[in-house]
Amino acid sequence: DVKVTQSSRYLVKRTGEKVFLECVQDMDHENMFWYRQDPGLGLRLIYFSYDVKMKEKGDIPEGYSVSREKKERFSLILESASTNQTSMYLCASSPQGRALAKNIQYFGAGTRLSVL
Amino acid sequence: AQKVTQAQTEISVVEKEDVTLDCVYETRDTTYYLFWYKQPPSGELVFLIRRNSFDEQNEISGRYSWNFQKSTSSFNFTITASQVVDSAVYFCALLGNTGGFKTIFGAGTRLFVKA
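As given, the protein sequences belong to chains C and A, one line each in that order.
When we follow our numbering, the leftmost residue of the first sequence carries the number 1, and every step to the right adds one.
When we follow our numbering, the leftmost residue of the second sequence carries the number 1, and every step to the right adds one.
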């Protein structure tokens, strides 16, 4: 079974802190994604990566950065957390980098981040 | 622009009722895929089904069935004889061949199934 593991289920941080959200997948998938989920807005893509050290902006990248130094790990960084970044963050991975048909995404359980 | 609309925010049914979750999409791509995912209270989205734009056959899997109609740009999901374990948020999603790897998700429909 594919497993996508997010390092924390719940996180509470203060405004201005630098926050790291970690995600690890164990199935050698090329693609990895970070989404945030807010009520009424569904999932919105923050960043994705289709290979090590490669990244592309999603729909809402402002205030975030990412790092992918190893194929299995994709980190989301909030450089200076703000209250409007309080949300559920979901990591996902998918196989077969450029084959559209293969892009079924496998999700982690999510990290609920509260910024106070 | 690509878009997925799930007009039903929340649906509440009593166990054993049938329920249909609506999904309407917009895309100019000729090749695209439609998905349904389930998010139970545990939080992890789980893949349910994928359908490509060239295959309009309906699909049935146990109590679940999907109706894909290109003419109305809809990909609706029906649960027959609903059970309490079906309570979850359900997302419809679209991946087109000009969108790179960006899957577009709808806002989700929260389904409550009461015993």
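Simulated from the structure, these hints should not be mistaken for laboratory data.
Don't be surprised by glycine CBs; every beta carbon is placed ideally from N, CA and C.
Among the hints, a few may not be true.
25 angstroms max Cα-Cα, derived BS3-like pairs, lysine-lysine [what the hints assert, rightly or not]: (1) 55/C x 3/C; (2) 70/C x 55/C; (3) 18/C x 55/C; (4) 38/A x 53/C; (5) 3/C x 3/A; (6) 3/A x 55/C; (7) 3/C x 53/C; (8) 70/C x 57/C; (9) 3/A x 71/C; (10) 114/A x 57/C; (11) 70/C x 3/A; (12) 3/C x 102/A; (13) 57/C x 16/A; (14) 3/A x 102/A; (15) 71/C x 57/C; (16) 55/C x 102/A; (17) 53/C x 70/C; (18) 38/A x 102/A.
Okay, the calculated bits of chain A under chain C, using three or more residues with CB under 8 angstroms as the criterion [stated by the list, open to error]: (19) 45–53; (20) 61–67; (21) 72–84.
Computed far set for chain C versus chain A, every beta-carbon distance over 10 angstroms [as the list claims (entries may be wrong)]: (22) 45; (23) 65; (24) 82; (25) 103.
Quick rundown of the hints versus the structure:
1. 55/C x 3/C: Since the Cα atoms of residue 55/C and residue 3/C sit roughly 21 angstroms apart, the hinted pair holds (cutoff 25 angstroms).
2. 70/C x 55/C: OK: residue 70/C and residue 55/C at ~12 angstroms, within 25 angstroms.
3. 18/C x 55/C: Holds: residue 18/C and residue 55/C sit about 20 angstroms apart, inside 25 angstroms.
4. 38/A x 53/C: Between residue 38/A and residue 53/C the Cα gap is close to 31 angstroms, so the pair fails against 25 angstroms, i.e. violated.
5. 3/C x 3/A: Distance of about 29 angstroms is beyond 25 angstroms: violated.
6. 3/A x 55/C: Holds - the C-alpha atoms of residue 55/C and residue 3/A are around 23 angstroms apart, at most 25 angstroms.
7. 3/C x 53/C: The hint holds at about 21 angstroms.
8. 70/C x 57/C: Since the Cα atoms of residue 70/C and residue 57/C sit roughly 19 angstroms apart, the hinted pair holds (cutoff 25 angstroms).
9. 3/A x 71/C: Since the Cα atoms of residue 3/A and residue 71/C sit roughly 30 angstroms apart, the hinted pair is violated (cutoff 25 angstroms).
10. 114/A x 57/C: violated (41 angstroms)
11. 70/C x 3/A: violated (32 angstroms)
12. 3/C x 102/A: holds (21 angstroms)
13. 57/C x 16/A: violated (44 angstroms)
14. 3/A x 102/A: holds (12 angstroms)
15. 71/C x 57/C: holds (18 angstroms)
16. 55/C x 102/A: holds (13 angstroms)
17. 53/C x 70/C: holds (8 angstroms)
18. 38/A x 102/A: With a Cα-Cα distance of about 19 angstroms, the restraint between residue 38/A and residue 102/A holds, given a limit of 25 angstroms.
19. 45–53: This one holds; 5 residues, not fewer than the three required, reach chain C with a Cβ under 8 angstroms.
20. 61–67: violated (count 0)
21. 72–84: The restraint on the region 72–84 of chain A is violated, since only 0 of its residues have a Cβ under 8 angstroms from chain C and three are required.
22. 45: violated (6 angstroms)
23. 65: holds (18 angstroms)
24. 82: At about 23 angstroms from chain A, residue 82/C clears the 10 angstroms cut-off, so the statement holds.
25. 103: Label violated. Min Cβ-Cβ 6 angstroms, cutoff 10 angstroms.
Of the numbered hints given earlier, the model fails hints 4, 5, 9, 10, 11, 13, 20, 21, 22 and 25; all others are met.
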